[in-house]
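A.B. asks: Listed below, chain by chain, are the residues.
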Amino acid sequence: MIAEMVHFRILGLKSDIKELIEHIRDLGVFHITEEDNGPPSVATKGPVIEKMRFLRASLLGLLEDLGWKDWDNLDWDSVGYLREVVPLDDIGPLDEIEKSLVEFKERLDEIKDEIKSLEESVVALKQVYRLTSYFQPFFVTERNKGYKVSLWLVNSSKLPNLLKTLETNIRNIIPVGQRPFMGYKTLSQGKDLTLLALSVVAEINPTVSKIIEDLGGVPYRALKSDLSDLILESPNMTQMELKWLPKKLAQAKKTFEDTRREWGPRLAALYTLMDERLESLALERKLIREGEYFTLNAWVPRSNLDGVISSLKERFKDRILITWRSPKPEEWDEVPVLLENPKWARPFEVFLKLLPLPGYKSMDPTPLIAIFFPLFAGCMIGDVGYGIIFLLCGIWLKARNRERNGLLCDILQILINISIFSILWGFLYGEFFGDLGHRLLHLKPLWVERTRGVVPVMAFAVALGFTHVMLGLMLGAYEGIKCNNKRHVCERIGTISIILGAVIFVADQAKITHIDLLWPAIALLVFGLTLLARGGGLTGLVETIGSIGNILSYIRIAAIGLSSAILAMVATKFLDVLGASFFGIMLALLIHLLNLIIAIVGSALHSARLHYVEFFGKFYEGKGNKYKPFSRRRETAWKRPY
Amino acid sequence: MEKALLGLAAALAVGIPALATAYAQAKIGSAGAATVAEKPETAAIMIILEAIPETMVILGFVVAIMLIL
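Residue numbers (the working numbering), protein chains in the order written: chain B, 244 to 885; chain Z, 8 to 76.
Please note that the accuracy of each hint is not assured.
[Claimed, not checked] Distance condition first, Cα-Cα at most 30 angstroms in a straight line; then the derived DSBU-like pairs of lysine-lysine:
1) Lys46/Z / Lys869/B
2) Lys596/B / Lys586/B
3) Lys312/B / Lys10/Z
Simulated from the structure, these hints should not be mistaken for laboratory data.
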């Protein structure tokens, strides 16, 4: 059902505007309309608004930096408290907030930098530990001989040439009478690089270093810190560092986590407050016109009208003037749409969330979906055992998520409804985990066994499709009458007549009844064709053929149900073949599990398709505007900023 | 022989539309996934478009059943 709306107008004093905006925000039912309030650029600009926008973006950035996303558990009392104590309308407090945020950002960056640096050190140290274990004996031996040892990263392909050049150069620069010496050890570092530990006489070390650098070698430093050289030569020290660094890293991460836990909700509360206030301020600027008065136009659900009027009268007495009226026909396209369905149908509103909303004066198909969707899905599953499993799962999951409202709860309620229909259909088909019920419990079908009576089930599915499509066409005709669209009405009634005529003609030819129905059938066909020619012409005729195809499409209910029933029987058949062994039971259970998944996914998808394509196509027109009440963030479905 | 031919005809009546449906759904599915990634509000239209070719195989199934029975 689509809620009836009234156009509500408030005329008040400029001095009351702030109080009024906060009051209507508390009421949370006003869908404020944009009237010609001057250029928006003037209305939504100014130093305070600009600063608030900047701060709101900064807060969002900080929340992202902190990685805080726990919007569901935001303490709304703290938001209320902040609303009372933080003045946001002057530039002074906003500057103070900005200063605090900058300081907080600096502190946060320090913590994050420390974590990053420590993480890098841990990775580097692990690599170094491998090197020190390899090079340390070489380092010790060469040092004891009094040589200077250095580490270089060189290109693997250039290494032989580099060593040869070094030997020649060392021979040339060694003083006469001294034995030229060069010791080295290498370790491959991936495909292209090699780590070279070079040992030479201490006096010629600077010259040798220059030669290696000229040949493309790079001095190797394990860490950025001064400890690099020491660590390289001492595996024990590396081990100590490796033991100590993770503790420091854990400490830094704990500090970050504490900061997130402490400041995340506070920043989120401030963000929410800023967002609300910004919205109010923008509205305030829009409403204030020249003079001492302001006018507010809004749409309010009629069911809330009395409460709204008494609340406003009580608060503002005679300082405001209130008028209200029903929407005019020319306004119907602008009136916001609020779906107000009975509790049993409300979960099925989820199907309309995937489509544009129906127009204000259109029909809300939610109650019909609530009836037909579980009926079709249950007819496809049609198994008492599967139905019980889905029912238990649905009830258990719903109990676990009792405190949550929203999409998950709606889906679980739909699952429960489907499972109830599955159990009912299961009794009609006499199925309990396929034919297991028949074998163990002597369960007999109340109507027909699907695997044996394919034709009756198929005929029933087509009859179901006929009813559903005809209902859709009738609703389409009704919508046409409401909107005074004669072409639409003719087309829909013409299609109904032709389909009815065709059905009666087939019934007559098949001699289903003893009454001669040929002439009524021909009369209906002629009447339908005339209306079609008046309404849609050739397009209408094509749509009529399409509608017949739509009816036949409902055979899928029988087809999918049949495949599900046969798969369940196959599972039991495995027990016949393999006996009640572990392997046989496991295989049967696995097939039932597979069938369960296919049954629920397939039945839900195909039922949805039958509604979206076959049913909605006959009458549904998504042209409605969503009802967006001006309210506290807590009352609205909270749209997370990220 | 006649029974075998009927069985073959029924198999073809389901098999050929099934292949055609699979081909169409593969094409629509990949395009639909890309569209939904960019515009999540088109999800319902994509489900509808994805489900449209299934009618072929359902009607093929009906023909097959009628041939066998």
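A.B. asks: Any of the earlier hints contradicted here, and which numbers?
C.D. replies: Number 3 - this is the single hint that the structure violates.
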